[in-house]
Amino acid sequence: NAGVTQTPKFQVLKTGQSMTLQCAQDMNHNSMYWYRQDPGMGLRLIYYSASEGTTDKGEVPNGYNVSRLNKREFSLRLESAAPSQTSVYFCALSRGSRDTQYFGPGTRLTVL
Amino acid sequence: QKEVEQNSGPLSVPEGAIASLNCTYSDRGSQSFFWYRQYSGKSPELIMFIYSNGDKEDGRFTAQLNKASQYVSLLIRDSQPSDSATYLCAVLTDRGSTLGRLYFGRGTQLTVWP
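Chains as they are written, first to last, in our numbering: chain A, 11 to 122; chain B, 2 to 115.
So here's chain A without its partners, still in its complex pose (with noise of 0.2 Å):
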């Protein structure tokens, strides 16, 4: 995962909490993104932004938003928490959106 960091790693939440799930990169990517991933499920994309300051939904962005302020950092953040949010989440990135994907180390989150 050189290159991509995520944090927290780990992450308990009550139902109702918020709180903001970072990634950053060194690698002067265009592209980020953040998937979950539920067993049985595979990774399903939230949100993505294709290059500093735009962003655009995926295929499960209800519960989500998303901040990219700059071309290192891409912001994912759960305002009011959800059981069915329990996940791992991955970020990821690529030079620009037809290229390949590469992951952070993922952060899991449990929600009560």
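These aren't lab readings, by the way, just hints derived from the structure by calculation. From a predicted model like this one, the values you see are computed outputs, not experimental measurements. Hints are not guaranteed to be accurate.
Here are the simulated lysine to any residue pairs, SDA-like style, with alpha carbons at most 25 Å apart [what the hints assert, rightly or not]:
hint	chain 1	residue 1	chain 2	residue 2
1	A	LYS19	B	TYR40
2	B	LYS43	A	ASP48
3	B	LYS43	A	ARG87
4	A	LYS67	A	PRO18
5	B	LYS43	A	GLN21
Derived coverage of chain A by chain B (criterion: at least 3 residues anywhere in the stretch with Cβ under 8 Å from a Cβ of chain B; other residues may be distant) [unchecked claim]:
hint	stretch
6	45-52
7	96-108
8	114-120
Positions of the beta carbon are idealized from the N, C-alpha and C atoms, including for glycine.
Place chain B on chain A using the hints.
Chain B alone, transformed into the frame defined by chain A:
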């Protein structure tokens, strides 16, 4: 219809055998195809990508693509216990947009026993 389909497995092969992992996709306009390996509790790691019909070899790994049949496969020769992992097939498609989107299959769990 799901974008990308894989047999969930588990696939179990003895050490030294050839493991064959298969994937089909629904969008004929798909352009690029990727295989990721994911160890338990870890993040997906790129193994190979392929863009053109035919075979692409990298060490013990061979990716095969048949766009007419909308089929992509990964062969692992001389399988080792360290190859035991979940293998994810991913397909890049743009549906006419300027932006590409990567769609993942649910993964095939491979076990290589000594």
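Here's how the hints hold up against the structure:
no., hint, result
1, A:LYS19 x B:TYR40, "holds, 17 Å"
2, B:LYS43 x A:ASP48, "holds, 13 Å"
3, B:LYS43 x A:ARG87, "holds, 22 Å"
4, A:LYS67 x A:PRO18, "holds, 23 Å"
5, B:LYS43 x A:GLN21, "holds, 16 Å"
6, 45-52, "holds (count 3)"
7, 96-108, "holds (count 4)"
8, 114-120, "holds (count 3)"
The structure is consistent with each of the numbered hints, conforming to all of them.
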